[in-house]
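Visitor: Here is what each chain is made of, one letter per residue.
There are 2 protein chains.
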Amino acid sequence: MNNCDVSLYLVTDRELSLGRSHQYIVEQAIKGGVTMVQLREKNISTREFYNLAIELKQTLKPLNIPLIINDRLDIALAVDAEGLHIGQSDIPYHIAREILGKNKIIGLSVETVEQARSANNLDVDYIGLSPVFSTQTKHDINTPLELEGIQQIASFTKHKTVAIGGINTQNTADIIKAGADGIAVVSAIVSQKDPRQAACDLKSIVDKNK
Amino acid sequence: MNNCDVSLYLVTDRELSLGRSHQYIVEQAIKGGVTMVQLREKNISTREFYNLAIELKQTLKPLNIPLIINDRLDIALAVDAEGLHIGQSDIPYHIAREILGKNKIIGLSVETVEQARSANNLDVDYIGLSPVFSTQTKHDINTPLELEGIQQIASFTKHKTVAIGGINTQNTADIIKAGADGIAVVSAIVSQKDPRQAACDLKSIVDKNK
Numbered sequence: 040m041n042n043c044d045v046s047l048y049l050v051t052d053r054e055l056s057l058g059r060s061h062q063y064i065v066e067q068a069i070k071g072g073v074t075m076v077q078l079r080e081k082n083i084s085t086r087e088f089y090n091l092a093i094e095l096k097q098t099l100k101p102l103n104i105p106l107i108i109n110d111r112l113d114i115a116l117a118v119d120a121e122g123l124h125i126g127q128s129d130i131p132y133h134i135a136r137e138i139l140g141k142n143k144i145i146g147l148s149v150e151t152v153e154q155a156r157s158a159n160n161l162d163v164d165y166i167g168l169s170p171v172f173s174t175q176t177k178h179d180i181n182t183p184l185e186l187e188g189i190q191q192i193a194s195f196t197k198h199k200t201v202a203i204g205g206i207n208t209q210n211t212a213d214i215i216k217a218g219a220d221g222i223a224v225v226s227a228i229v230s231q232k233d234p235r236q237a238a239c240d241l242k243s244i245v246d247k248n249k
Numbered sequence: 040m041n042n043c044d045v046s047l048y049l050v051t052d053r054e055l056s057l058g059r060s061h062q063y064i065v066e067q068a069i070k071g072g073v074t075m076v077q078l079r080e081k082n083i084s085t086r087e088f089y090n091l092a093i094e095l096k097q098t099l100k101p102l103n104i105p106l107i108i109n110d111r112l113d114i115a116l117a118v119d120a121e122g123l124h125i126g127q128s129d130i131p132y133h134i135a136r137e138i139l140g141k142n143k144i145i146g147l148s149v150e151t152v153e154q155a156r157s158a159n160n161l162d163v164d165y166i167g168l169s170p171v172f173s174t175q176t177k178h179d180i181n182t183p184l185e186l187e188g189i190q191q192i193a194s195f196t197k198h199k200t201v202a203i204g205g206i207n208t209q210n211t212a213d214i215i216k217a218g219a220d221g222i223a224v225v226s227a228i229v230s231q232k233d234p235r236q237a238a239c240d241l242k243s244i245v246d247k248n249k
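Quick mapping for you: the protein sequence lines, in order, are chains P and Z. According to my numbering, the first sequence holds residues 40 to 249 in order. According to my numbering, the second sequence holds residues 40 to 249 in order.
No wet-lab data here; the hints were simulated from the structure. One or more hints might be untrue.
For chains that are exact copies, the list does not tell them apart, and a pair is met inside one copy or across any two.
[To be verified] List of simulated lysine to any residue pairs, SDA-like, C-alpha gap at most 25 angstroms: (1) Lys197 - Asp44; (2) Lys247 - Gln190; (3) Lys96 - Glu66; (4) Lys249 - Ile134; (5) Lys100 - Pro131; (6) Lys100 - His133; (7) Lys96 - Arg136; (8) Lys81 - Gln127; (9) Lys247 - Arg79; (10) Lys100 - Ser60; (11) Lys81 - Asp52; (12) Lys141 - Asn160.
From a predicted model like this one, the values you see are computed outputs, not experimental measurements.
Take the sequences, apply the hints, and build the full model.
Guide: In structure tokens:
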């Protein structure tokens, strides 16, 4: 199992970043307390994805913050990222692990309590509980797990858990109290006027409620 | 340099296949003389791409026809395909070679005479000359190389060349006479009523004009 701190996990989204670069958002967010960063990109060429990943890696490396690539194992390999995050419609987990090796972080999204149970048979490094609440960031139509789902999964999972979907300063305390080890956010940081302050506020709620 | 026969190279396209499966098209096309098959998919999930690649590999393996994956190095690795085809907006060639190793086929699309010249510095296994003529299959708006471009590139390239874009039974002879080692086609096979006969017709024109 690879060590990773999922307390405050930033997932990028250029469309929601109010025109600001990944670099700016990420640097500010890390100053505010973000512990991991996931690069998520859809509908861009592989070369563009690769270039963004290289840039982000240069930003994160000196700060000692792991770069996790969403979905694309090729990009994770190409930039030697610290890890890969996969969902249920991405590459099968065992294939990803075989190719990436045991020293890379692999996170898996689970969308139901049953999927979380199955994940207990896998040596993933964390599971993403997705979505906790309904959200406009992702357009998948999955039934939210809600706090009850988090509690239920936290009661049996052997993995670190990070909740994602519709999380903000208003509901973070409840999510952590329900048993999640951390929160993953997009707009709660990238769309905020001051991403550093936003991260700082979220981080202090997470830490206080652990 | 990995050996590959680019004489008649089939590139898949589900939308143009008149509702018929990859498996059907590919089996028929190979009976007709296709020497290589490239799986090209856009706008599907990684898992769907992976599943299609696995299926296609099972079809091709016993027939001893190499499976080449378009763009996605992760899929090529995941299904242990025989090779990868990359374009100018895909992963950089040297990264792909480093990750795939020297025993896999890597093809690179070149869109200009200058790019073909640069490719002489790379140990790619073939270059795709793209597009030869204008085509409706790909929506990139590149100036076609035309027969003059093929001739020019054939005069200096150290690589095998396969022409793609707008190729049919009417212009295949001219392309081969201009110096291409083979042709890559989509609709000239996948959209034909009888893909086996279509492949057979194209193959015999290629072979006669070499």
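Visitor: For each hint given before, does the structure comply? Return the numbers of the non-compliant ones in rising order.
Guide: 4, 9
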